[in-house]
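Undergrad: In case you want the letters, here they are:
Number of protein chains: 2
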Amino acid sequence: MPYFLKIFISLFNVPTKKEDRDFYKAIKVITGRRPFNLSLYRLAMKHSSAAYTSTRGLKESNERLEYLGDSILGMIVAEFLFTRFPFKEEGFLTEIRSKIVNRESLNEVSKKIGINDLIQFHQASKSLSPKSIYGDSLEALIGAVYLDKGFAPCRQFIVKKIINAHFDVEDLIHTITNHKSRIIEWAQKENRELAFEILEINQENKNKQFVAQIFIDGAGQEKGYGFSKKKAEQDAARTTLEKLGIS
Amino acid sequence: MPYFLKIFISLFNVPTKKEDRDFYKAIKVITGRRPFNLSLYRLAMKHSSAAYTSTRGLKESNERLEYLGDSILGMIVAEFLFTRFPFKEEGFLTEIRSKIVNRESLNEVSKKIGINDLIQFHQASKSLSPKSIYGDSLEALIGAVYLDKGFAPCRQFIVKKIINAHFDVEDLIHTITNHKSRIIEWAQKENRELAFEILEINQENKNKQFVAQIFIDGAGQEKGYGFSKKKAEQDAARTTLEKLGIS
Chain A
1 MPYFLKIFIS LFNVPTKKED RDFYKAIKVI TGRRPFNLSL YRLAMKHSSA AYTSTRGLKE
61 SNERLEYLGD SILGMIVAEF LFTRFPFKEE GFLTEIRSKI VNRESLNEVS KKIGINDLIQ
121 FHQASKSLSP KSIYGDSLEA LIGAVYLDKG FAPCRQFIVK KIINAHFDVE DLIHTITNHK
181 SRIIEWAQKE NRELAFEILE INQENKNKQF VAQIFIDGAG QEKGYGFSKK KAEQDAARTT
241 LEKLGIS
Chain B
1 MPYFLKIFIS LFNVPTKKED RDFYKAIKVI TGRRPFNLSL YRLAMKHSSA AYTSTRGLKE
61 SNERLEYLGD SILGMIVAEF LFTRFPFKEE GFLTEIRSKI VNRESLNEVS KKIGINDLIQ
121 FHQASKSLSP KSIYGDSLEA LIGAVYLDKG FAPCRQFIVK KIINAHFDVE DLIHTITNHK
181 SRIIEWAQKE NRELAFEILE INQENKNKQF VAQIFIDGAG QEKGYGFSKK KAEQDAARTT
241 LEKLGIS
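Here the protein sequences line up with chains A and B, keeping their order.
Taken in order, the first sequence gives residues 1 to 247; the numbers are from our numbering.
Taken in order, the second sequence gives residues 1 to 247; the numbers are from our numbering.
I should point out that these hints are in silico values taken from the structure, not numbers from a laboratory.
Among the hints, erroneous ones may be present.
Identical chains blur together in the list; that is why a pair holds if it fits in one copy or across any two.
Under the rule of at most 30 Å between Cα atoms (straight-line distance), these lysine-lysine pairs were calculated in the BS3-like manner [as the list claims (entries may be wrong)]:
#	residue 1	residue 2
1	Lys223	Lys189
2	Lys243	Lys99
3	Lys160	Lys231
4	Lys6	Lys160
5	Lys88	Lys6
6	Lys208	Lys161
7	Lys208	Lys111
Values in this document were obtained by computation on a predicted structure and should not be read as measured data.
From just these sequences and the hints, can you work out the full model?
TA: And the structure:
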């Protein structure tokens, strides 16, 4: 169906039943657009714990929409950061993205925009995964907006209503972790002797590649690789932190 | 710039220098579309090991485009599988997707469509990460197509030239792993005694939640959770396989 026709129809598409109309309004407020196919949004709000009542024998829950919405959100946030920070490297972009799309952030946003009032789930399931229900439903909602409205409106929904409304990107930058300084802090606190060593330099023509290793109390830890000393050290610090389970 | 204008200009946009023209033609064959901004594609083919010659002091390589292309590819493949398999669950879709977007597959595709002839990289870098250069460049190319041509043409490029041309989705389904049967096979081969037990059923109203545990030679292994016995067992098998490092 052409998009202008969808818009035209959706003007007269307001449901007549009170219950449906309330849901329609809630979705309109949350997404900023008139929903066209309301059943998509209903499905998005149906957690798998509430899905056994399906008459078709098929399990109907928001899991598939969540899978779709998750990948859309990841892509739009990636593109947003790519254009927002034209001179930042890929590692930086990846780290900021993970601060936006992680479970806790999405749960927070989900509650703030009022999705928690719309979700259908079964109480018992709260004990299994109490936290992820809200974030999952937000992703499912994104999937529904994409299927109902298309790529550009869905992108606008994510950028306006999720990223710009709920994340201060400048703030996120400041909390970005510097692996090397983190491991130095840790070593000072724990009174361990920490050393960074550059093991190898592969040089051909103008390009140098570095291999760094971290030593704690003289014992060799993980190695790191990079096209600069700094990068190789950061890489080594990151993997060592991971291996030692320091967060 | 409006899209029709881009198309119009790109008809007369063929570069005059022989070297550029060859590159232009190669990109046109690979992507199926006339490139508009050729420098985007040049950047996509520039591996970070060949990036130190930048005159601006800024490191110019395909890493940022790769970051963008990676997320776009993930999303398009997710959407492709979502519509291709309307009755399959999210776990199935995730597993098939990972079979398409993993490094080895992308490296293969990258070589098949001829990207390897266009990539600029420094020989020494082959020793550090010999394999990923091709797959990374394919992702960077996807990022370039997205920025140059927009979402819909980029999706068409991915679906036609990557998924449909190089993956037999029916084939992929058959290689999808069944965790439970894998762990049973493993136990038979290793002569271990394997048992699945359902530990708990949380029942309220119509919904049941199951907790399964695996026992190997009587010793309790990982637990699994799910809304059916089968799912809980699959989940337990998956986590146990992971913990034991069986691949």
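Undergrad: Hint by hint, say whether it matches the structure.
TA: How the hints compare with the structure:
Taking identical chains as interchangeable, the C-alpha atoms of Lys223 and Lys189 lie at most 30 Å apart only when both belong to the same chain, with a minimum of 23 Å there against 36 Å between chains. In this homomeric assembly, Lys243 and Lys99 come within 30 Å of each other (Cα to Cα) both inside a single copy, at 21 Å, and across copies, at 27 Å. When the C-alpha separation of Lys160 and Lys231 is checked against a cutoff of 30 Å, the pair qualifies neither within a copy, at 34 Å, nor between copies, at 38 Å. With identical chains, the CA atoms of Lys6 and Lys160 are at most 30 Å apart both within one copy (22 Å) and between copies (28 Å).
Taking CA atoms no more than 30 Å apart as the test, Lys88 paired with Lys6 passes between copies only; the shortest distance there is 28 Å, against 40 Å inside one copy. Taking the closest pair of Cα atoms, Lys208 and Lys161 never come within 30 Å of each other, the shortest separation being 45 Å inside a single copy and 36 Å across copies. Within a single copy, Lys208 and Lys111 get their C-alpha atoms only as close as 49 Å, which misses the 30 Å cut-off; across copies the closest is 26 Å, which meets it.
Of the numbered hints stated above, those contradicted by the structure are hints 3, 6, listed in ascending order.
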